[in-house]
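> Residues per chain are reported as follows:
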Amino acid sequence: MLEIDPYTIVFTIINLLVLYFLMRKFLFGPVNAILNGRAKAIEDSLAQARQEQEEAQRLHNQYQAQLEQSKEEAGQIIAQARAQSSELYQKTLADAQSQARKLLEESQERNRQDRENMLRSVRQEVADLAVAAAEKVATSSNQAIDTFLQEAGDQT
Amino acid sequence: MEQIKEELTSQLQNPTAFTIPVFGGIPVSQSVVVSWILIAALALAAFLMTRHLRQEKPGRVQLLLEWFVELINGMCQSNIGRHGGAFAPWLGSVALYIALANLCGIFGLVPPTKNLNVTLGLALSSMALIYTAAFRFKGVKGGLRQFVEPVPVLLPINLMEIAIRPLSLCMRLFGNVLASFVVMELIKLLVPIVLPAILSIYFDLFDGLIQTVVFVFLTALFTGEALEEA
Chain A
2 MLEIDPYTIV FTIINLLVLY FLMRKFLFGP VNAILNGRAK AIEDSLAQAR
52 QEQEEAQRLH NQYQAQLEQS KEEAGQIIAQ ARAQSSELYQ KTLADAQSQA
102 RKLLEESQER NRQDRENMLR SVRQEVADLA VAAAEKVATS SNQAIDTFLQ
152 EAGDQT
Chain B
5 MEQIKEELTS QLQNPTAFTI PVFGGIPVSQ SVVVSWILIA ALALAAFLMT
55 RHLRQEKPGR VQLLLEWFVE LINGMCQSNI GRHGGAFAPW LGSVALYIAL
105 ANLCGIFGLV PPTKNLNVTL GLALSSMALI YTAAFRFKGV KGGLRQFVEP
155 VPVLLPINLM EIAIRPLSLC MRLFGNVLAS FVVMELIKLL VPIVLPAILS
205 IYFDLFDGLI QTVVFVFLTA LFTGEALEEA
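Chains as they are written, first to last, in the working numbering: chain A, 2 to 157; chain B, 5 to 234.
Here are the simulated BS3-like pairs of lysine-lysine, each with C-alpha atoms no more than 30 angstroms apart in a straight line:
no. : chain 1 : residue 1 : chain 2 : residue 2
1   : A       : 41        : B       : 61
2   : B       : 9         : B       : 192
3   : A       : 41        : A       : 26
4   : A       : 26        : B       : 142
5   : A       : 92        : A       : 103
6   : A       : 26        : B       : 61
The hints are simulated quantities; they were obtained by calculation from the structure and are not laboratory data.
Just so it is clear, the structure is predicted and the values come from calculations on it, not from any experiment.
Taking the hints into account, I'd like the entire structure generated from these sequences.
Here it is in structure tokens:
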């Protein structure tokens, strides 16, 4: 039961070595290859994900900056347009006012001239009429004088 | 009583299966033949199971294999250190062999670990692994220094350990398997049905696996000790 049998010891060691090579070839080798491959794949995809996230963050920041800039520019443009339109409005208004005033003044002037002209012509007319009337009167008084003188002569 | 004694003694013999007719005849014991059968079975199973490994979506068989390999890898790394991965295939093979050798009684084979010479072979190869590991990873100087660690006064004890460690590994495994075998045989003689099946769960399955773990774990622990500060 407890006798030492060197052949069995040697056979056992050889058996173990054979088993070791077989297991390394058919079990530990392939499975470790799969495990390492999977670990590497996971590491790679993690690194890639990190890189993509950084890229996305970078793009996001860039777009944000662009958006800010665009907003600022739009604000500037609107302010500029508002200023321009206000200026134009004021100018147009001033023009219109001055033109209206000019027209008013012109028409007033014309009215004044018309009235003056009318007055002058009326005054002329009246003068003419007065002269005509005076002529008539004078003519009729000459006749009267003549008549009177005739009558007075007759009497004498 | 005499009958039981005779029966047990005959069961504990390690008969020679056949003799290779070279060099004046090399006797091949039954344990060695059973070991060949176990190794062939393991190799065939490993070959068949690792034919279709996939990196993504592993099947159940592959998950089992991955669990086992990672268990052995993790055990080696936590006990041996950063060189642990190099020892994993050897320790894994030894674990598979001892476990199957302890459990093969279930399939009607005589457990090879019941033979003292088999466990002695296992222990001697473990010792070779432990004491060459330091030379392999730390050079000749580092390899020799393992005998004067932690203090040079312990040199005699360290030298004695070279003999004590394999003896204890060998005897522990052999003794456990032998004892459970004897106990089971006695129980079978006393109560032939039901009870042997129940107790066999402890004496054959549990003890067999525990001794496997103990043997591999101690080998890893000793190797780690030899490689300390490597």
